[in-house]
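Protein chains: 2
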Amino acid sequence: MSTDTGQQNLFKTAEPKMVDAKEPKAVKEKPDRGGETAESMAKRQREISVSEFFTKNRHLLGFDSPRKALLTAVKEAVDNSLDACEEARILPDIVVTITRIGTSEKQFTMTVEDNGPGIVKAQVPNVFGRLLYGSKFHRLRQSRGQQGIGISAAGMYGQLTTGAPVRVRSKPGKKSVPLAFEIRIDTARNRPESTDKVIEWEKDHGTEVSIDMEGEYRRGQKSIEEFLKLMAVANPHVHLTFKDPDGNISEYHRATNELPKEVEEIKPHPHGVELGILLKMIQDSEHRTVSAFLQQDFSRVGPTVAKEICEKADVKPDSNPRRLETPAVQRLKTAIDATKIMAPPLSCIAPIGEDLIIAGLKKEVEADFYVATSRKPVVYRGHPFAIEVGIAYGKPGDTLVMTEAGKIVEVAAKKNENAEALMGAADEPVRLIRFANRVPLVFQQSACAITKAVIGTNWKNYGLQQPRGALPIGPMVVFVHIASVWVPFTSESKEAIASYDEILEELRLALMDCGRKLGSHVRKGKKLAGEFKKRNYIEIYIPHLIVALKDILKLDDKEAGKARDNLTIVLEKSRKL
Amino acid sequence: MSTDTGQQNLFKTAEPKMVDAKEPKAVKEKPDRGGETAESMAKRQREISVSEFFTKNRHLLGFDSPRKALLTAVKEAVDNSLDACEEARILPDIVVTITRIGTSEKQFTMTVEDNGPGIVKAQVPNVFGRLLYGSKFHRLRQSRGQQGIGISAAGMYGQLTTGAPVRVRSKPGKKSVPLAFEIRIDTARNRPESTDKVIEWEKDHGTEVSIDMEGEYRRGQKSIEEFLKLMAVANPHVHLTFKDPDGNISEYHRATNELPKEVEEIKPHPHGVELGILLKMIQDSEHRTVSAFLQQDFSRVGPTVAKEICEKADVKPDSNPRRLETPAVQRLKTAIDATKIMAPPLSCIAPIGEDLIIAGLKKEVEADFYVATSRKPVVYRGHPFAIEVGIAYGKPGDTLVMTEAGKIVEVAAKKNENAEALMGAADEPVRLIRFANRVPLVFQQSACAITKAVIGTNWKNYGLQQPRGALPIGPMVVFVHIASVWVPFTSESKEAIASYDEILEELRLALMDCGRKLGSHVRKGKKLAGEFKKRNYIEIYIPHLIVALKDILKLDDKEAGKARDNLTIVLEKSRKL
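As they're listed, the protein sequences go chains L and A. Heads up, the first sequence is in my numbering, so the first residue is 1 and it goes up one at a time. Heads up, the second sequence is in my numbering, so the first residue is 1 and it goes up one at a time.
Because the hints were derived from the structure by calculation, they are not lab data. If a hint is listed, it holds; no wrong ones were tucked in.
Identical copies go unnamed one by one, so any copy, or any two together, can satisfy a pair.
Using 16 Å as the maximum straight-line C-alpha spacing, the simulated EDC-like pairs for lysine to aspartate or glutamate come out as follows: (1) Lys-280 x Asp-186; (2) Lys-68 x Glu-225; (3) Lys-517 x Asp-368; (4) Lys-43 x Glu-265; (5) Lys-106 x Glu-274; (6) Lys-222 x Asp-244; (7) Lys-280 x Glu-52; (8) Lys-280 x Glu-325; (9) Lys-56 x Glu-274; (10) Lys-243 x Glu-113; (11) Lys-267 x Asp-284; (12) Lys-376 x Asp-513.
If you're wondering where the values come from, they're calculated on a predicted model, not measured in any experiment.
Could you build the full structure based on these sequences and the hints that come with them?
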């Protein structure tokens with residue numbers, strides 16, 4: 001192996017030129033085998049724009065079927081609206097509208113309007129007309145978007161299938177002039193082509209995006225409706241209105257008027273940084289000493305820790321970081337890994353919290369038992385993350401409760417359409433609802449680390465049936481949320497979470513914690529049901545017993561009545577509840 | 001909906017500027033809510049380089065674990081070598097070497113050397129040090145690589161985990177000067193930084209790439225060894241040598257000296273082109289009339305078809321394509337879809353063929369029955385593809401055959417390690433081996449359209465057991481290959497095939513065809529086994545029968561012997577095999 005110490009600068013040569021006709025060719029051999037030569041092949045080598053790549057591979061972005069395309073577009077637009085509102089500390093008010101284009105059942109316009117901070121004129125074309133462009137990728141803080149792909153990809157799909165541009169309205173503030181944009185994507189260059197004009201817009205501030213696209217509108221499972229319902233569960237501070245193509249309007253009201261905690265951007269944590277990243281950070285650093293570099297470019301490194309790392313690495317703390325050779329950087333990396341450093345600050349993520357998880361579940365799922373666990377944030381590969389689990393168990397219709405007088409009664413089922421939609425039947429697998437940074441994950445359930453963790457939990461311990469290698473059975477909704485500065489998704493369409501060991505372990509612990517609480521409820525329910533059954537028997541047999549007693553002891557009606565009351569009291573007392 | 005007819009040029013405005021301090025700001029409102037404003041948010045918007053994106057999301061490229069990383073890197077390098085050799089019509093001779101770096105069990109150097117056409121000096125840095133760069137993305141012809149990501153991603157992963165550059169040696173021809181390169185990737189710009197020098201290299205032509213990387217070397221399932229073995233099955237024209245870190249050398253010899261058929265580049269087929277693509281093709285066309293555009297920029301459009309399309313679309317054949325308004329292009333698209341057009345030329349793909357599939361299987365899997373089906377190519381979304389299926393059934397050790405004399409005998413098991421590795425046990429699920437453009441697909445089996453099709457086939461019809469929703473059970477290897485100008489993978493790591501309906505249907509038909517042939521073999525085998533059992537009974541009982549006959553009819557030993565022979569002959573004759 002050669003690490004070519006001290007020759008870093010050698011690699012800083014100019015960018016290689018493209019082959020062109022004038023380049024002197026050392027070889028002009030025409031091989032007799034007839035095929036291509038290195039030269040003929042070189043002429044076809046060229047750059048592939050990221051838009052071209054994703055146009056051809058649009059299933060990677062969630063645009064593989066007309067039905068999924070419509071939902072994916074709504075999701076990307078709503079994600080952006082919520083991120084912007086929260087960043088600007090505005091309680092979000094979002095309107096999602098799907099309309100048919102003409103009488104078509106195949107073409108739709110999807111529009112998402114928000115009351116967010118708007119977008120400045122110069123940025124609108126880039127945000128909506130350029131892939132891999134945005135503010136969230138390079139920042140270590142929790143947000144729904146993270147790639148700078150989503151909404152531009154939706155626009156690209158619309159343009160591909162209908163030829164129409166993305167239409168945007170934006171007003172950044174009360175005194176700003178509202179503008180309307182039409183944006184096309186030049187896929188060969190991955191750049192927007194945009195026009196704009198001043199409009200009237202009765203709104204203090206906000207953004208609206210409209211995309212015409214091929215699509216398919218359906219209700220039920222994996223529908224836009226369901227997605228928005230789940231969005232409301234995990235975002236109880238959001239007011240959402242949904243207008244479907246048939247003119248039906250659904251509204252999701254706020255369960256709280258408090259915005260999620262404001263998240264702060266953090267610097268990378270030294271643990272989890274890889275050698276290649278460290279080499280790059282050192283080259284890019286503005287600091288003049290290794291000690292300053294360690295303290296300023298990382299989180300949780302103070303003078304003492306910096307000194308300790310430098311000592312272990314045998315690197316002088318006041319040496320110039322950019323002059324370090326690769327072996328010295330390797331020693332630094334080894335020293336960092338061997339040094340105890342405080343966990344990263346957790347202000348960069350905003351979990352939902354146990355109370356709001358339960359409030360969100362209660363709003364959309366009717367059950368007779370709710371429990372939630374919000375785990376303390378931990379770290380994978382230097383990225384803080386937190387796992388939260390909520391459980392809603394039991395249909396109210398199936399429920400026995402003990403009244404204040406100690407009586408066990410059946411509670412009548414309340415009619416609630418939401419509850420029916422989210423809660424499965426008693427003999428079916430539980431309903432698993434997955435969230436990442438407060439966004440519902442609708443597709444690819446079986447490929448997701450969350451599903452693996454739920455299946456891997458032994459639910460028999462908590463009184464539920466569970467077939468081998470499958471979700472447990474029962475009238476139950478399991479809510480699982482991962483909040484992180486960087487969620488590792490299994491594809492660009494952000495539908496499932498990659499199975500990192502640290503994430504699986506936290507999922508396991510959170511599920512077990514909720515499971516234990518559920519277990520004691522389920523056991524209590526079973527005991528109540530048993531008692532209820534027993535009492536029913538007693539209540540059936542007491543009258544017969546009294547008839548017999550009356551006959552044997554020659555009791556009159558009054559005495560018989562007294563005996564019945566006494567027997568009932570004795571039986572009630574003898575039971576322990 | 002607004003399609004803004006005739007205003008195409010409006011969108012050709014200059015690229016939007018980045019926000020900078022000098023831009024006059026219409027709004028200077030500081031909202032009292034305290035959060036971010038559109039302006040403060042705009043300052044953080046910026047481009048994300050594709051290298052940065054994939055560094056953070058490297059699991060998308062198959063570099064999510066050290067073990068998988070090493071295999072993925074080998075795969076990408078071997079794919080490139082084979083593509084280059086075949087394009088240059090050279091019988092490939094490839095050497096794969098994995099060595100430990102020092103005594104490390106965590107760091108390895110992987111080297112792949114070929115006898116291909118080499119790469120010209122100016123292209124080497126781009127090919128190995130730049131993501132989304134290559135010659136295969138824009139061409140409609142079958143090749144292993146298609147994205148221009150793979151080998152640069154392997155280099156990026158190596159750089160990230162060891163800090164070392166990619167090392168390349170290249171010699172484009174006998175008279176060329178061999179060069180050695182060291183290449184780093186500037187991830188922030190997605191551009192290579194490269195140095196090179198003249199070297200000695202005893203070779204007529206070829207390329208060698210070496211990457212130092214974090215990895216884990218193991219044998220067995222999903223190992224480099226297994227991958228190369230499968231590669232040899234689907235590429236019987238390749239000579240492969242593998243040197244493992246312990247110094248063991250495996251060799252895979254050619255089963256044929258013929259290269260696969262040379263594939264030709266084709267133009268897009270009109271069916272399958274989407275409106276957005278058609279709009280772009282029309283704008284980019286060099287042709288002056290719509291008729292010429294249709295005939296020259298598409299395959300299978302002659303003067304008659306072009307005329308028919310124009311008539312249906314109510315577009316004049318000699319009008320200037322670049323002056324067409326969007327509604328006219330929409331009419332063209334509708335007319336194209338309504339016109340019968342010959343299927344695309346199939347010279348762009350090179351299936352393996354039934355004989356070579358069986359030869360490849362025989363080379364690496366020992367079985368007693370082989371069958372293969374190579375379906376005629378068809379088209380999905382304008383892309384030609386062909387499905388091929390091969391089956392190897394039955395362990396020789398378990399096998400009954402009828403000898404020439406009509407005797408059924410058990411064939412002794414031959415010892416063959418390869419056979420053991422690929423063939424499963426009789427009571428286990430069949431072994432499914434998947435290939436796309438002759439490359440083995442090792443990971444994500446359950447997410448793959450091929451797996452879905454095999455599970456969806458009713459193997460009970462062909463005499464095999466099959467649990468519900470699972471692979472059939474039996475001593476069998478199922479080989480499935482898709483050859484296409486564009487294989488739709490479910491992720492950039494190219495591990496599984498997306499479930500397009502057209503592909504699933506062709507898979508189904510090919511599997512059924514092989515299944516039927518297998519079925520008659522399995523039934524024949526079962527019949528033979530039944531006969532064998534019967535005959536065993538007969539052979540057991542004949543001596544007893546003879547003893548009884550001898551006793552009853554008072555036969556002497558000679559007569560008894562004759563009776564036994566006659567009985568045996570009668571029994572043999574009475575059986576129909």
